[in-house]
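2 protein chains.
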Amino acid sequence: MDSIYEPPILTVDSIIFQLVDNELAVLLLERAAEPFKGMWALPGGYNAAGETTREAMARTLATKTGLQTGDLPLIEQLYTFDTIARDPRGHAVSVTYMGLGKDLELPPSATAQNPQFFPVDQLPTVAYDHADIIGYAHRRLCSKITYTNAVFALLPELFTLTQLQTAYEAILGRQLDKRNFRKKFLSLELIEATDEYHRDGAHRPALLYRFRQQPLQVLSRSFD
Amino acid sequence: MDSIYEPPILTVDSIIFQLVDNELAVLLLERAAEPFKGMWALPGGYNAAGETTREAMARTLATKTGLQTGDLPLIEQLYTFDTIARDPRGHAVSVTYMGLGKDLELPPSATAQNPQFFPVDQLPTVAYDHADIIGYAHRRLCSKITYTNAVFALLPELFTLTQLQTAYEAILGRQLDKRNFRKKFLSLELIEATDEYHRDGAHRPALLYRFRQQPLQVLSRSFD
DNA sequence: ACAAAAGTGTTAAGAATACACCCATGT
DNA sequence: ACATGGGTGTATTCTTAACACTTTTGT
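For the record, the sequence lines run as chains A and B.
According to my numbering, the stretch in the first sequence is residues 1 to 224, in order.
According to my numbering, the stretch in the second sequence is residues 1 to 224, in order.
Be careful, since some hints might not be right.
[Claimed, not checked] If we take Cβ atoms under 10 Å as the criterion, some of the chain B residues that face chain A in the derived model are:
1) N47
2) T53
3) C142
FYI, nobody ran anything at the bench for these hints, they're computed from the structure.
Given the structure is predicted, the values throughout are model-derived calculations rather than measurements.
Idealized CB from N, CA, C, for every residue including glycine.
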């Protein structure tokens with residue numbers, strides 16, 4: 001009864017975020033071929049037989065950008081888009097994953113596709129419906145950091161409260177009150193002070209903190 | 001370069017919830033064939049070429065249960081599961097949709113598959129990983145009703161505050177305080193009183209309310 | 001001594017919680 | 001008159017929001 005079944009094409013795409021100069025940035029590739037030649041697109045590709053979508057995501061990301069998913073402290077399935085066909089063979093369905101990291105290094109000339117991070121509010125011309133996907137991922141990230149400890153994945157192991165606040169401000173796109181931010185965040189007991197200080201220029205050194213636990217956790221009171 | 005590409009099978013599954021006798025219930029089919037013959041499974045099926053996953057969901061749901069998606073006030077993509085192959089042809093990837101409705105009628109003998117609603121805490125033996133999927137959907141529904149007006153999709157147009165509270169209790173699986181529930185919910189200004197009453201037995205009639213607007217909305221203050 | 005970022009507390013308003021009795025109806 | 005579910009208010013605690021000055025350092 002299903003013998004005439006001819007499947008849509010299954011693809012995966014990765015939305016990789018990190019903070020660059022206190023701005024939220026997303027990883028894009030420059031398309032070397034039609035369609036959308038010269039425009040920028042999310043790293044992604046076909047899902048091969050016998051591979052989970054998550055494995056396909058890891059493989060395509062490594063192949064096209066040199067990034068290993070092991071370097072991403074947090075990866076999460078985002079949404080499945082019935083995108084416009086990216087391929088003349090037909091209709092494509094793309095399972096997307098959001099990955100968060102810090103100080104991600106792109107091996108120089110990993111591929112001919114020139115992988116680069118772009119601040120989310122200064123995107124180049126983006127191919128397909130990828131601008132929508134990035135917007136969706138950004139909104140999801142905004143809500144994720146308000147009810148979970150997901151920021152840990154964007155910060156170094158030791159960080160200052162100012163760095164933490166700046167991360168929130170970069171993602172949410174608005175300023176937060178310093179005293180209220182610190183009071184609230186510390187009261188959640190997600191982070192603990194170390195006895196180390198971050199010295200950086202002609203001013204008082206900042207106490208370094210660390211997250212108590214890494215795995216994604218839901219907060220007892222949602223943030224902000 | 002992608003010429004040896006052989007895709008996984010793309011399927012869709014529907015998790016349809018409604019309230020039955022003040023319990024949250026999910027729609028299942030009895031499998032008539034192997035694998036898992038005699039066990040119960042979510043309605044679903046293959047995604048055909050040229051059809052979006054949402055269209056495939058509507059089609060398979062109508063074919064297997066007689067339900068029209070037009071009768072579901074809220075449908076939302078849930079998650080994409082890399083499920084165990086449901087088909088000897090190979091690896092299956094299932095895009096799932098959650099649908100909410102009320103007073104859904106299953107056309108008698110719509111199919112040989114005996115569609116029925118089961119209370120989520122009294123499920124029969126469920127095939128595949130569908131028990132996990134139902135659990136996932138239930139958790140998502142719990143959080144959805146706390147930060148959106150999604151309950152509207154489970155209630156009739158006019159309803160009493162007690163019906164509303166009972167719906168929350170059925171979904172969340174715990175009791176709520178009547179006075180606090182009413183105070184909070186009314187303060188959100190999502191619903192308005194009508195001038196009609198629900199008479200039902202030997203007690204004071206209950207004032208009927210309606211939602212001010214149907215489309216899914218995020219609440220100003222999250223609920224509960 | 002100055003510039004620069006780190007650090008810190010209080011008050012007021014709003015929200016959440018806990019809790020018990022009267023009201024309107026049908027029989 | 002009684003049984004049944006509908007309806008209502010207050011006091012306490014916790015949370016949020018608004019807001020400005022002192023501290024520590026490097027030059």
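Verification of the supplied hints:
1. Checking B/N47 against chain A: minimum C-beta separation of about 6 Å stays under 10 Å; hint holds.
2. Because the beta carbon of B/T53 sits about 6 Å from the nearest beta carbon in chain A, less than 10 Å, this interface hint is met.
3. The closest approach between the C-beta of B/C142 and any C-beta of chain A is roughly 12 Å, which is over the 10 Å cut-off, so the hint fails.
Going down the numbered hints, you'll see the structure goes against just number 3.
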